[in-house]
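Asker: Residue numbers (the working numbering), protein chains in the order written: chain A, 1 to 346; chain B, 1 to 300.
Keep in mind that a hint or two might mislead.
If you anchor each label on the Cβ, the simulated ranges turn out as follows [what the hints assert, rightly or not]: (1) A:R236 - B:G73: 48 to 58 Å; (2) B:R133 - A:E57: 51 to 61 Å; (3) A:I257 - B:R183: 40 to 50 Å; (4) A:I257 - B:K184: 21 to 31 Å; (5) A:R49 - B:M63: 31 to 41 Å; (6) B:F111 - A:K235: 41 to 51 Å; (7) A:I19 - B:I185: 46 to 56 Å; (8) A:L248 - B:E297: 22 to 32 Å.
When the alpha-carbon atoms are kept at most 25 Å apart in a straight line, the in silico DSS-like pairs for lysine-lysine are as follows [as the list claims (entries may be wrong)]: (9) B:K207 - B:K195; (10) A:K94 - A:K287; (11) A:K15 - B:K176; (12) B:K184 - B:K195; (13) A:K92 - A:K237; (14) B:K258 - A:K287.
Take a look, some chain A residues computed to stay more than 10 Å from chain B by CB distance [unchecked claim]: (15) L105; (16) A179; (17) K235; (18) T314.
The set of hints was computed from the structure by calculation and includes no laboratory data.
Remember, it's a predicted structure, so these values are computed and weren't measured experimentally.
Here a beta-carbon is modelled for each residue, glycine too, at the ideal position from N, C-alpha and C.
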Amino acid sequence: MNLRNKVMLAAVLRKTAIILISILILSFITFFMSRMAPGDPLASYYGDRVERMSPVEREHAYERLGLDGPIPEQYVKWLGAAFSGDFGISFKYKQDVLSVISGRLLNTFLLGGIGFFLTFGLALLLAVFCAYRENSIFDRIICRVGTVTSCIPEFWLSLVLILLFSVMWRLLPSSGAYAIGKSNDPGSRILHLILPLTVVVLSHLWYYAYMLRNRLLEEIRQEYVLLARAKGISKRKVMWKHCVRNILPTLISIMAISVNHILEGTYIVEMVFSYPGIGTLSFESAKYHDYNMLMVLTVVTGIVVIIGNIIGQTVSERIDRRMKAKDHMKDLMEIVSHREMMDDAG
Amino acid sequence: MQDRPVIDDFEIVGENYRPTVRASEKKKLISKGFPLFSAIVLLLILFGCLFCELIMPYDPARMLLDEVNRAPGGGHFFGTDTLGRDIWSMIWYGGRKSLFIGILSTVISSFIAIVYGTISGLSGDTLDNILMRFTEILLSIPSILLIVFMQAALGQRNVLGISVIIGITGWMGIAKMVRSEVRKIRSEDYVLISKMMGGGFMHVLFKHLVPNFMSSIMFMIVMSIRSAIISESTLSFLGIGLPVEIITWGSMLSLSEKALLTGSWWIILIPGVFLVVTLLCITDLGNYLRGSYNSSEGNL
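With these hints in hand, go ahead and build the complete structure from the sequences.
Answerer: Laid out in structure tokens, this is it:
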């Protein structure tokens with residue numbers, strides 16, 4: 001195996017190790033936190049019957065749901081089962097956790113995914129528009145309006161939109177992901193997506209647009225811009241071909257680390273609009289001590305966020321080779337120093 | 001010494017000389033870009049909330065059962081909510097708790113962040129790596145989920161409990177900043193000397209390090225007041241935070257689902273507008289603290 005392959009392998013291995021360890025720690029923290037909760041998990045499974053249960057029955061129930069024994073032992077048991085694909089049953093829905101989630105995953109990805117790309121697409125356009133006309137009246141108005149929108153909590157924006165569009169003008173539906181019995185009708189889905197999507201996009205848009213605007217303003221103060229302008233290249237061309245291209249790695253790394261912000265917004269919006277997705281489910285499961293559900297949701301959220309990070313890193317490496325070189329250099333140095341050590345020892 | 005005004009090279013300095021303070025220097029307190037309007041509004045809201053007893057016509061917690069869901073006007077300036085409480089009184093009384101939660105949880109999170117960040121910044125590479133990885137993992141979970149889990153786990157539904165939960169879930173961003181600042185100044189002579197003279201960790205931290213990096217994290221601290229207020233109101237709205245009996249802007253909004261059915265816009269809009277205006281003023285102050293850049297002309 002030559003050095004190049006070795007470097008690649010080392011990078012892949014390191015990344016995988018970091019992902020696995022992160023998810024493991026994540027699941028560990030959630031597990032302990034949820035088990036220490038004062039509420040009774042049996043109540044969500046058995047409902048009111050819990051109060052009439054005898055101690056023996058209770059013990060039996062605990063054993064059946066995998067809640068007996070010390071917490072570390074429970075965790076190891078859970079982990080073992082999870083590796084073979086068995087995440088247990090949801091206490092509230094009384095079915096396999098994965099089957100409950102799989103029905104809702106698509107809804108969340110639809111809302112969060114479209115919201116994510118729409119937010120960043122619009123943010124870039126807005127940033128270019130503002131940077132192009134820096135300090136003009138348009139720029140100032142947009143900056144002011146943007147600051148105001150970024151101060152509005154998601155849930156309140158949702159409430160106001162529901163009040164206007166659903167209650168007062170009766171234009172759009174206020175809850176759910178589709179009209180009853182129309183789960184396969186794209187029209188109905190789109191109609192139900194408009195309001196939640198507006199909230200997800202609006203509440204994050206300015207935060208990122210402002211960041212990109214400032215980054216662009218720094219960029220247009222670079223000397224290459226002056227050179228390009230002096231050569232007679234048009235403003236528009238300099239902006240799009242040079243400045244925007246140069247901030248793309250920044251944009252992508254911002255996108256990568258903001259997956260969890262958008263996801264958070266999506267979860268809150270889902271709750272307000274009673275949108276059947278992962279967000280509603282996680283609030284419910286936290287409320288009803290649905291441990292198995294909670295665990296899987298945390299792990300799924302964690303995986304989505306981490307995968308987002310890795311995709312972001314890979315894409316920005318593709319765009320900006322310097323980053324990759326720096327990363328590889330580090331691995332290379334490690335291997336070289338390792339070899340030197342081996343040589344010394346041998 | 002440095003407070004003395006700049007003396008003109010050709011100014012004659014005689015026996016009875018008194019330096020004259022120039023008008024331009026007098027105005028330093030309110031320097032360029034200071035969001036005066038936001039500061040005044042914020043102060044008004046703060047004072048209104050602090051001295052709410054003086055401006056409240058009704059007991060905010062009293063439920064007037066024969067005056068439920070009244071629109072603004074008449075006897076009630078902002079109307080009454082679905083439980084028959086006077087909204088004008090609740091705004092000020094609840095605002096006090098909302099702001100208190102924002103400030104207390106920020107104090108908690110900043111303290112954790114400063115201590116954690118400094119430990120990470122001062123320690124060797126291995127420990128530093130581990131500590132920073134840990135914050136990254138915590139940062140990768142959406143913070144509202146973290147708060148919801150904590151809330152489910154601890155089950156504290158009071159002002160203090162909520163503040164603690166928001167505080168201990170919101171320190172990661174500041175901690176990272178503190179760490180990078182500490183790494184910049186940790187090898188300065190005064191830190192070394194203080195350590196050599198037997199200064200303990202806490203002494204070095206609060207006597208030497210904090211004053212040096214405080215100005216660069218001030219912006220984040222102000223912004224964390226903002227996000228704490230948002231978290232509290234979101235939680236209370238979702239019914240996981242404070243119950244309806246403990247009046248805050250968030251818990252006032254938790255009645256909005258009922259209000260939507262009856263179309264009582266004032267129950268939703270009024271507390272929300274107060275919330276948003278307060279957040280906006282805090283943001284303006286925060287942006288001012290962050291400082292402005294790009295003073296030069298663009299090349300485009």
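Asker: Quick one: which hint numbers does this structure break? Sort them smallest to largest.
Answerer: Failing hints, ascending: 2, 3, 7, 13, 17.
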